[in-house]
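The primary structure of each chain is shown beneath.
6 protein chains.
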Amino acid sequence: MPQPDHISKLGVPDPDGLDDDLRAVWRKCLDKLGFVPNVYSAYSLKPQRLRNFMAMYNEVMLSESGLSKLEREMVAVVVSSANRCYYCLVAHGAAVRLLSGDPELGEMMAHNYRVAKLDRRQRAMLDFAWKLTTTPWLVDDADRDGLRAVGLTETDIFDLAETVAFFNLSNRMASATDMMPNHEYHCLERSN
Amino acid sequence: MPQPDHISKLGVPDPDGLDDDLRAVWRKCLDKLGFVPNVYSAYSLKPQRLRNFMAMYNEVMLSESGLSKLEREMVAVVVSSANRCYYCLVAHGAAVRLLSGDPELGEMMAHNYRVAKLDRRQRAMLDFAWKLTTTPWLVDDADRDGLRAVGLTETDIFDLAETVAFFNLSNRMASATDMMPNHEYHCLERSN
Amino acid sequence: MPQPDHISKLGVPDPDGLDDDLRAVWRKCLDKLGFVPNVYSAYSLKPQRLRNFMAMYNEVMLSESGLSKLEREMVAVVVSSANRCYYCLVAHGAAVRLLSGDPELGEMMAHNYRVAKLDRRQRAMLDFAWKLTTTPWLVDDADRDGLRAVGLTETDIFDLAETVAFFNLSNRMASATDMMPNHEYHCLERSN
Amino acid sequence: MPQPDHISKLGVPDPDGLDDDLRAVWRKCLDKLGFVPNVYSAYSLKPQRLRNFMAMYNEVMLSESGLSKLEREMVAVVVSSANRCYYCLVAHGAAVRLLSGDPELGEMMAHNYRVAKLDRRQRAMLDFAWKLTTTPWLVDDADRDGLRAVGLTETDIFDLAETVAFFNLSNRMASATDMMPNHEYHCLERSN
Amino acid sequence: MPQPDHISKLGVPDPDGLDDDLRAVWRKCLDKLGFVPNVYSAYSLKPQRLRNFMAMYNEVMLSESGLSKLEREMVAVVVSSANRCYYCLVAHGAAVRLLSGDPELGEMMAHNYRVAKLDRRQRAMLDFAWKLTTTPWLVDDADRDGLRAVGLTETDIFDLAETVAFFNLSNRMASATDMMPNHEYHCLERSN
Amino acid sequence: MPQPDHISKLGVPDPDGLDDDLRAVWRKCLDKLGFVPNVYSAYSLKPQRLRNFMAMYNEVMLSESGLSKLEREMVAVVVSSANRCYYCLVAHGAAVRLLSGDPELGEMMAHNYRVAKLDRRQRAMLDFAWKLTTTPWLVDDADRDGLRAVGLTETDIFDLAETVAFFNLSNRMASATDMMPNHEYHCLERSN
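Residue numbers (our numbering), protein chains in the order written: chain S, 713 to 904; chain A, 713 to 904; chain G, 713 to 904; chain V, 713 to 904; chain E, 713 to 904; chain Z, 713 to 904.
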């Protein structure tokens with residue numbers, strides 16, 4: 713039985729009807745990636761919300777930070793694992809494979825990050841991501857101090873927190889709309 | 713023992729050092745509300761992230777939508793109740809009191825929304841908010857159909873989902889930073 | 713939509729038909745508080761059970777103890793928060809406000825006691841209350857020793873345990889009957 | 713390794729020092745049962761609290777009710793199973809064996825009541841007991857209507873609720889004090 | 713109402729139609745125990761699977777090991793308690809009674825092993841059994857080191873793990889088929 | 713940081729020292745697969761237990777059954793997803809890819825089977841696998857009837873149950889020993 717090929721169960725508008733700035737984004741994605749990520753298509757149902765989502769995404773994942781891009785993608789996958797979010801596990805699992813050149817690291821983040829061999833700093837970041845995702849009400853000074861003890865600055869902790877928070881948002885948008893990832897993600901950097 | 717008066721455990725920069733656009737926001741808040749919401753102060757540690765957060769907040773909570781502003785605030789409080797987020801329960805509990813003129817409704821949303829007298833549409837929205845917050849991986853077609861059955865359109869469902877998703881983000885920022893709400897929220901519209 | 717004004721979903725007998733001793737209680741409540749707490753009305757469906765409930769309540773909450781009345785009310789609210797009991801959160805949240813003169817303390821107990829600034833003794837008592845409420849089977853010698861280490865005597869631990877136990881009883885009576893708190897509780901000591 | 717023979721980890725006062733009324737209770741227990749239930753000894757640390765506990769216990773478990781004494785004991789064991797309370801499972805498991813003459817029924821209530829062969833009324837009562845114990849905040853009109861549909865009156869529902877509530881209290885007193893049941897309970901009515 | 717007397721809800725074939733080797737097992741059980749354990753009858757629906765199950769069972773529970781037979785039965789009961797498996801709690805609770813000569817130890821393992829008086833080695837084994845049963849994804853080096861610290865060798869840990877794993881299998885076969893234990897188990901070694 | 717290359721944290725004996733029958737298994741694996749699955753190496757610490765494990769594995773996964781081999785592998789992955797077992801998700805995710813020729817189906821089973829497009833029979837089987845894994849004590853007649861309603865025979869239900877049960881065993885052996893899957897599994901049938 714062929715797997716689903718819808719993008720979002722709430723429907724997706726014709727991209728030709730989008731405003732110029734968004735059509736420019738679509739073209740840029742096609743040029744650079746060869747496809748438009750389905751999360752953009754799903755979100756284009758409400759164009760202004762898509763703009764806000766992209767702005768936040770770019771800042772959280774791509775701007776300067778004490779956390780490397782790979783580390784932020786690892787956090788993204790661990791949060792998505794806790795929330796069992798298919799879209800984000802596929803899309804950001806691919807990103808971990810690409811950025812690390814290590815396909816097994818992507819699988820470990822998705823299935824159970826505790827089996828991975830990580831330095832103390834990364835392990836502390838992922839433990840924090842899991843706790844802030846699953847029991848945010850239990851986070852307290854001891855957790856922040858634990859991050860400081862492995863070298864995170866106050867702004868590093870802020871960036872880590874916002875990465876966790878952002879994927880708690882995007883996981884829920886994906887689950888609420890039954891968003892399907894583009895097929896292309898499955899093929900990215902599988903061999904090492 | 714006097715209760716905490718920090719804003720964020722990650723520290724808050726001097727507002728006088730912020731860029732002009734943000735200082736304008738500060739002034740507007742002081743004019744309109746009499747105070748700057750602590751979430752802005754806490755987020756100003758990373759100014760561009762604050763701008764993105766405000767843009768998303770304004771769109772999700774204040775733009776045109778099939779969900780009334782009160783309904784969006786009710787959703788905010790129910791999500792924050794599931795996540796036991798002190799900051800958002802205080803700040804958005806106040807908003808429910810203000811918008812509804814009904815202090816008990818705010819308490820019910822914060823403590824256990826199931827005791828409130830709601831129409832079928834609102835009850836379905838809040839049940840969806842609870843499920844999408846606590847077990848997003850279980851949301852499926854039946855849940856979306858349930859919302860359609862009480863009159864929500866596809867874009868209404870999108871707006872509901874993003875409201876839930878947004879407070880799953882902001883609850884985690886508040887818990888990660890131990891963000892304290894402004895004292896003023898406690899006093900807003902308590903009598904009816 | 714006006715909020716519920718029933719007292720209990722199992723019905724409430726006419727207070728004029730109650731025995732003399734209970735009618736005396738009703739009169740005393742009206743004199744002292746200006747209203748009869750709805751938990752009494754709800755329980756009067758079975759008068760002897762009401763008598764036993766009041767006797768236990770008075771002993772647990774009002775008799776001499778190494779725990780102050782405020783501390784017992786704080787425990788009451790934290791237990792009710794774990795059990796998400798609307799009636800008890802409203803009624804005993806008001807008591808915390810009254811006894812402490814600190815409205816924010818009441819909100820913190822109801823929403824997430826971990827954000828409050830407490831001395832080690834109070835924090836240990838509330839952690840014990842949470843654990844004994846949510847996972848009683850895990851309570852062991854280390855928990856009792858933790859209470860002794862912050863100064864509780866054997867009878868203090870007994871009193872703490874019975875306060876927790878009693879609200880685990882009354883939370884369930886309130887949830888089983890959908891008991892609604894008197895409107896008066898919402899107004900008590902809100903400003904500080 | 714011999715099993716524990718303490719009564720309560722908070723200590724037990726010398727029964728000879730108790731007030732006359734309580735020493736009369738002790739004598740009556742010895743005459744009727746051959747032993748004083750350890751819950752009385754443990755509670756005698758605070759004599760007035762013991763009196764209140766006994767009054768409530770006797771009313772809930774032994775007074776006239778639409779629920780038979782066996783049914784109330786079955787509820788007691790199911791609540792204690794959810795809370796994994798050793799003392800109450802042993803003491804009230806013995807009561808189910810005695811009252812039913814069916815040792816396997818007692819084991820089923822303690823281990824997993826869902827495997828027992830019960831009429832619809834009893835099954836509905838036990839399902840309600842489990843839900844009110846483990847997730848009281850989810851109890852609503854549908855649950856009460858379900859009990860009415862199998863024949864429970866409003867006062868039957870009240871009695872059922874209070875039985876559940878009472879064992880949520882006593883389970884926590886037993887766990888908080890590490891209360892050990894009298895050895896005699898293990899032997900009562902094992903063969904059939 | 714008489715309790716269930718089915719063996720398995722999936723039916724049980726006539727033992728006379730079984731192959732010679734299995735009929736020999738049946739005869740041996742009748743000779744030695746006086747009955748054929750219902751788990752064998754239930755499993756005989758697929759004879760080869762029964763053979764594999766018996767081979768694994770005999771190796772795990774009866775072969776040479778650094779864990780005594782009693783310790784393996786204690787682990788069996790604790791796993792079955794976590795999984796609330798009626799069949800295994802009855803059958804292996806009887807085994808703990810028989811092997812220890814201590815009926816209360818059996819009850820403690822079934823109801824809440826944390827109340828039992830155990831040496832550090834046994835307590836560590838049962839804590840590991842509980843964790844590996846309920847949250848296997850959290851087991852890590854610290855757990856294995858904890859077992860080594862109380863004297864378990866690498867093969868002892870292997871044997872412990874397989875005992876836990878095996879009862880996670882058999883508990884699920886019992887629950888899936890609503891397997892009922894033989895009445896004989898209830899009577900074994902109750903008095904001490 | 714290179715990922716772990718141990719096989720089991722409990723150590724693995726030199727395969728040259730194994731008995732002839734096991735060395736024959738090793739040779740057959742090398743011939744057929746190009747590698748010896750690490751689960752065999754890990755289990756060879758106790759050779760007789762390995763033999764029993766292989767016998768049960770072969771019967772459960774490879775013998776004649778009303779469930780296809782692909783379906784049994786899908787069940788294996790869904791159970792392993794519930795238990796977040798890295799070894800089994802990698803090894804049996806590869807098997808789903810190989811047998812279905814559909815890499816996305818493997819990902820869906822591992823991340824959240826509810827997003828997959830399945831016929832009613834397969835969906836019912838996977839829902840049963842999830843429930844029997846996570847809350848075995850809640851499985852009852854309605855669950856078995858649900859399987860019958862989509863066409864499963866009594867022996868099909870038995871086979872399904874044993875597949876679920878077997879992976880609840882093997883997931884725990886993998887977690888208890890921190891078993892690492894062979895690198896080869898990651899590469900099998902990724903492109904489609």
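Where hints are given, some of them may not hold.
Given that identical chains are not distinguished, each listed pair holds provided it fits within a single copy or across any two copies.
[What the hints assert, rightly or not] The calculated lysine to aspartate or glutamate pairs, modelled on DMTMM-like cross-linking and capped at a C-alpha distance of 25 Å, are: (1) K721 - D814; (2) K721 - D839; (3) K829 - D732; (4) K843 - D857; (5) K758 - D852; (6) K721 - E866; (7) K843 - D731; (8) K829 - D743; (9) K758 - E771.
No lab work stands behind these hints, which were simulated from the structure alone.
Now the hints, each set against the structure:
1. Proximity of K721 to D814 under the C-alpha cut-off of 25 Å is restricted to the inter-copy arrangement: shortest distance 22 Å between copies versus 33 Å within a copy.
2. In this assembly of identical chains, K721 and D839 lie within 25 Å of each other by CA distance solely across copies; the values are 19 Å between and 33 Å within a copy.
3. In this assembly of identical chains, K829 and D732 lie within 25 Å of each other by CA distance neither inside one copy nor across copies; the values are 46 Å within and 36 Å between.
4. For the identical chains of this complex, K843 and D857 are neighbours both inside a copy (14 Å) and across copies (24 Å), given an alpha-carbon limit of 25 Å.
5. Taking the closest pair of Cα atoms, K758 and D852 come within 25 Å of each other only across two copies (21 Å); inside a single copy the shortest separation is 37 Å, beyond that limit.
6. Taking the shortest alpha-carbon separations for K721 and E866, only the inter-copy value of 9 Å comes in at or below 25 Å, while the best intra-copy value is 40 Å.
7. With identical chains, the CA atoms of K843 and D731 are never at most 25 Å apart, being 40 Å at best within one copy and 34 Å at best between copies.
8. Proximity of K829 to D743 under the C-alpha cut-off of 25 Å is found in neither arrangement, the shortest distances being 36 Å within a copy and 31 Å between copies.
9. Proximity of K758 and E771 under a CA criterion of 25 Å is satisfied in both settings, with 20 Å inside one chain copy and 10 Å between copies.
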